[in-house]
Amino acid sequence: MAEFLIETIGLPTWFAWTAIAGLSAFLILNVIAGGALVFIWAERKIAARIQDRLGPTRTGGRFGWLQSLADGIKLLAKEDLMPDGADALLFRLAPYVSFCASFCAFIALPFAFDTVGQRLNVGVFFVVAVLGLEVFGVILAGYASASKWSLFGAMREAAQVVSYEVPLGMCVVVPVMLAGSMDLVTIGEKQAGWAMNWFIFHDPFTFIIFWVYCTCAIASVNRAPFDLAEAESELVAGFHTEYSGLRWSFFFMAEYGSMFLVSALAAILFLGGWNGPVPVSELLGFSDGVAANAPFALRFIGCMNLFLKATAGVLLMMWIRWTLPRLRIDQVMTTCLKYCTPIAAAMFLGVMLWQLFLPGGLVPGSFRAAAGVREGWLEQSYRKESAEDESLSLKNLSRHISEVSR
Amino acid sequence: MVQTLDEDQRIIEFDVRTDEMLVNMGPQHPSTHGVLRLVLRTDGEIVSELEPHIGYLHRCAEKIGENLTARQWIPYTDRMDYLAAMNMNLGWSLAVEKLLRYQVSEKARHLRVLIVELNRIASHLVGMGAYGLDLGTFSPFLYAFREREKILDLYEEVCGARLTYSYITVGGMTADLPPGWLQRCEAFLDQFEPIIQEYHTLLTTNAIFVKRTATIGVLSPEMAIDYGCTGPVLRGSGVDIDLRRDGESIYTAMYDGYAFEVAVMKNGHYPRDHEYPAVPKDAVLGDCWHRFFVRMLEVVQSMDLVRQSIDRYSQCKGALGEPLKLAEKLPAGDTYLETECPKGQMGFYLVTDGTPIPWRVRARSSSFSNLAVSPELCRGCLIADVPAVVGSLDVVMGEIDR
Chain A
761 MAEFLIETIG
771 LPTWFAWTAI
781 AGLSAFLILN
791 VIAGGALVFI
801 WAERKIAARI
811 QDRLGPTRTG
821 GRFGWLQSLA
831 DGIKLLAKED
841 LMPDGADALL
851 FRLAPYVSFC
861 ASFCAFIALP
871 FAFDTVGQRL
881 NVGVFFVVAV
891 LGLEVFGVIL
901 AGYASASKWS
911 LFGAMREAAQ
921 VVSYEVPLGM
931 CVVVPVMLAG
941 SMDLVTIGEK
951 QAGWAMNWFI
961 FHDPFTFIIF
971 WVYCTCAIAS
981 VNRAPFDLAE
991 AESELVAGFH
1001 TEYSGLRWSF
1011 FFMAEYGSMF
1021 LVSALAAILF
1031 LGGWNGPVPV
1041 SELLGFSDGV
1051 AANAPFALRF
1061 IGCMNLFLKA
1071 TAGVLLMMWI
1081 RWTLPRLRID
1091 QVMTTCLKYC
1101 TPIAAAMFLG
1111 VMLWQLFLPG
1121 GLVPGSFRAA
1131 AGVREGWLEQ
1141 SYRKESAEDE
1151 SLSLKNLSRH
1161 ISEVSR
Chain B
15 MVQTLDEDQR
25 IIEFDVRTDE
35 MLVNMGPQHP
45 STHGVLRLVL
55 RTDGEIVSEL
65 EPHIGYLHRC
75 AEKIGENLTA
85 RQWIPYTDRM
95 DYLAAMNMNL
105 GWSLAVEKLL
115 RYQVSEKARH
125 LRVLIVELNR
135 IASHLVGMGA
145 YGLDLGTFSP
155 FLYAFREREK
165 ILDLYEEVCG
175 ARLTYSYITV
185 GGMTADLPPG
195 WLQRCEAFLD
205 QFEPIIQEYH
215 TLLTTNAIFV
225 KRTATIGVLS
235 PEMAIDYGCT
245 GPVLRGSGVD
255 IDLRRDGESI
265 YTAMYDGYAF
275 EVAVMKNGHY
285 PRDHEYPAVP
295 KDAVLGDCWH
305 RFFVRMLEVV
315 QSMDLVRQSI
325 DRYSQCKGAL
335 GEPLKLAEKL
345 PAGDTYLETE
355 CPKGQMGFYL
365 VTDGTPIPWR
375 VRARSSSFSN
385 LAVSPELCRG
395 CLIADVPAVV
405 GSLDVVMGEI
415 DR
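Quick note, the sequences are listed as chains A and B, same order. Per this note's numbering, the first sequence starts with residue 761, numbered consecutively. Per this note's numbering, the second sequence starts with residue 15, numbered consecutively.
Warning: the hint list may mix true and false statements.
[Stated by the list, open to error] Derived Cβ-Cβ restraints for the label pairs, each shown as a range: (1) A:Leu1075 <-> B:Glu65: 39 to 49 Å; (2) A:Leu1006 <-> B:Glu63: 31 to 41 Å; (3) B:Gly58 <-> A:Gly1005: 24 to 34 Å.
Source of the hints: derived by calculation from the structure; they are not laboratory data. Beta carbons are placed, not taken as given, at the ideal position from N, Cα and C, and that holds for glycine.
Could you build all of it, start to finish, from the sequences and the hints given here?
Set out below in C-alpha cells:
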C-alpha cells in the first residue's frame, strides 16, 4: 500500500511509510482496545453466570453488550481526581506507562503467518521484555499516589512480577529451543499440520511446562489468585486506589490487553498459533507453498484460530478468578521460587535431553507429513523477508488490513 | 557540641533503620465488616501491632432502653446483631420473661426454636460468604446470599420484615405462622442441604483457602476464656460450651427434648452425625479454619434443629398465646440472662423499679469480646492475614457499638 501511495499518487517515500505505519498502529491499538472492551463485557457476563446472576442486560438492547462502552463514557465524564500529596507528573504518567507497555507488545505479535505489525527475529524476547515494563506503571502509580495502600500494592507488584519473570522466561525458552528460532512467526509455522505437531504435545515435558507457563502468565498479569497488587479485601484497591475516571480505565485496559497478550503468546508458543488442529488447507491443496500467494481466506482463518485460542485462555483466567481465593504474598513467592522455577528448570532440562536423544519423537515422522509443505513455505518467505527491507512485513499487514476493509 | 555521624556509630544505625508505618484500615475499608477501624503498625507487610477502634455505629441503644417499656425496646435489639435479629429478640424477651417468671406456651416454645435456628443458618451464611470475600473469592458470597435470601423470604411471610423482625417478643410472638409456611420451610431445607457440600468444595477444602486459614490466628483455649470469647470462636478453640445445653434453665428448657451435639472438636474429631470433609493436616485447633468450620457445622446442626422443631410445632395442640401487654409492669429487681446467639453469648441485664420502664438496661455483646482478642491474634502476622483473622471472628459492628 505504501508503494501504491508512492508510485501512483506520487507522495514522498518518508510520508507514505509514516502514514502507513500510523494507520497500522491505529488499527492494532483499536482492535486490541476494542477487544479489551469486549473482554470486560464478557467478564461481567461470565462472572454473573458463575454467580447465579444476570449481569448487564439492558444497555445496547440484548445481553447488555454496550455496557463497556457506557462505562467508558461514564469514566470519561468523571472528575479527574488527584490526591493533594501526589507527585503530579508521575501520577499522570503512570497509567500511560502501563497502557503503552501492554499495547506495545502487540507490535511483534503475529496474528497469522504474515499478519504481523513488525516481524522481529527476536519476537519472543521483545514481547516478554515489553510486557515486563508494565510493572513500571504500577510502581509509579503506587509511589506517586501518596497513599499507603497504593504503596503496598506497588511493592507487592514489583516483588511478584520480577520473581515470576524468571520461570516465565524459562517456559518461553522451551518453544524457542524446539523451533530453533526466537521469531514468533517461525515458532508458529513449525507447529503447522495436525494438532499433534503443537509444541504442547511435543513431549511430556512441554505438556507440563505449558501449565507452568499458564501459572506464571496469570501471575505476571496480576490476575486472581495472584492479584495481590490490587487485593480488594486487603489494600482497598491497591495501586489504583487513588485513580479515577479515564486514568483508572487506562490501567484496566492495560490489564485486559496483557491478559489477551499472554494468552495469545501461549497460543503461539504451545498451541499451534494460527494453525488449526486439522490442516484443512493442506489436505484440500489450497496452499501452493508460497506465502505471498496464500489466499486471503487462509490469513483470515489463521487470525480467527489465534483469536479463538487466546480468547479461550482469557476465559480460563476469568473462570479461575471467580472461583479461587487469593493467595498471600509469601505464598505467591513460595509458589514461584519453590515450585514454578524448579519445575520449569527441570522441564527445560528434560526438553533439552529429549531434543538430543529423541528429536523425531517416539514414533518418528508420524504426524509431521503435512508440515513439510509449510516448512518450505516458511523458508521461502523468510529468505524473501531477510532479503528485502525489514518493514516489508508492515506492508503485508497493511495489505491485509486493506483487504479486510474492502 | 553536635556529634557528627562519623563519631557516633549508633546514629548511622538509627539512620539506616526502616520506619514502621501506621496504617488506618477502615472505617471505610472493604473488609472491615461495617465501620470497624483498625490501626495497624506495620513493618513492610508484617503487622507488629493492631488496635481496633470502635464507636462509629454507637446509637445509645442502652440509654433508649431506659426510656421505653420492655416490649417497646424489642425493635432496638433488632439493630444490634442485625444479621441475627431473631436471636436478639429472643435474648431480651427471655430476660424479661425470667424477671416476670413467665412461661410461654408449648407451641410458642417450639416456634421460637424454629425461628431462631433458621436465623442462625442465615447469620452463618453471611459470615461464611463474607469470610470468602475477605480471602478474595467473590462467588461463595453470592451463593450464600442466594440461600439467605430464601430464609428472608420465609421471614417476610412471618412478620413482614426481612432484616429487623421484632417477631419474637416478650411473652410469645407477634403472630402465628401463615398457612403453608411449614411446607415451604421444609422445601427450603431439602433444597439447601445438598448445597452445603458446594460450600465445602469452594471454601472449606479448597487448597488455597486452607493455606490462607490453617495455622493463622491460633487462639488457645486459655486465651479465649481469658478474653471472654464465646460462641464459635470459643468452640473453635476446642472449649465445649454451648449455652443451649449449658445455659440457664429458662433458656435450656426451650431446647428440652431436642437432640443436638455441640459442634466442638473432642478427642481430635468433630461430632460425626453428618458427612463433612476431614480436617486438613495443617489446621491447628483454634486457628481461623476451625472457627470457620465450627460455623459450617452449626449450619447443619441448626438445620437438624429446625426439622425437629417443625415436627414438634405441628404436633402441638392449643393456642400460641398472646404476648404480654405493651406496658406490662415489671416487678422491682434485677436480672441477667445470656443466650447462645450465632456470634456468641449475648447477655441482657435489666434493673427494674416496679414501673413498666426498666431503670437500667445493659447488653453484653459477644462480638465485643471476640474482637478484643484480635490484637493478640494479629501480632506478627502479614497484612493479608488481618482480614482473615478479623473475618474469622465474625463480628457485627451493630452489636459491638449498640
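To see whether the hints hold, each was checked on the structure:
no.: 1; hint: A:Leu1075 <-> B:Glu65: 39 to 49 Å; result: holds, 44 Å
no.: 2; hint: A:Leu1006 <-> B:Glu63: 31 to 41 Å; result: holds, 39 Å
no.: 3; hint: B:Gly58 <-> A:Gly1005: 24 to 34 Å; result: holds, 31 Å
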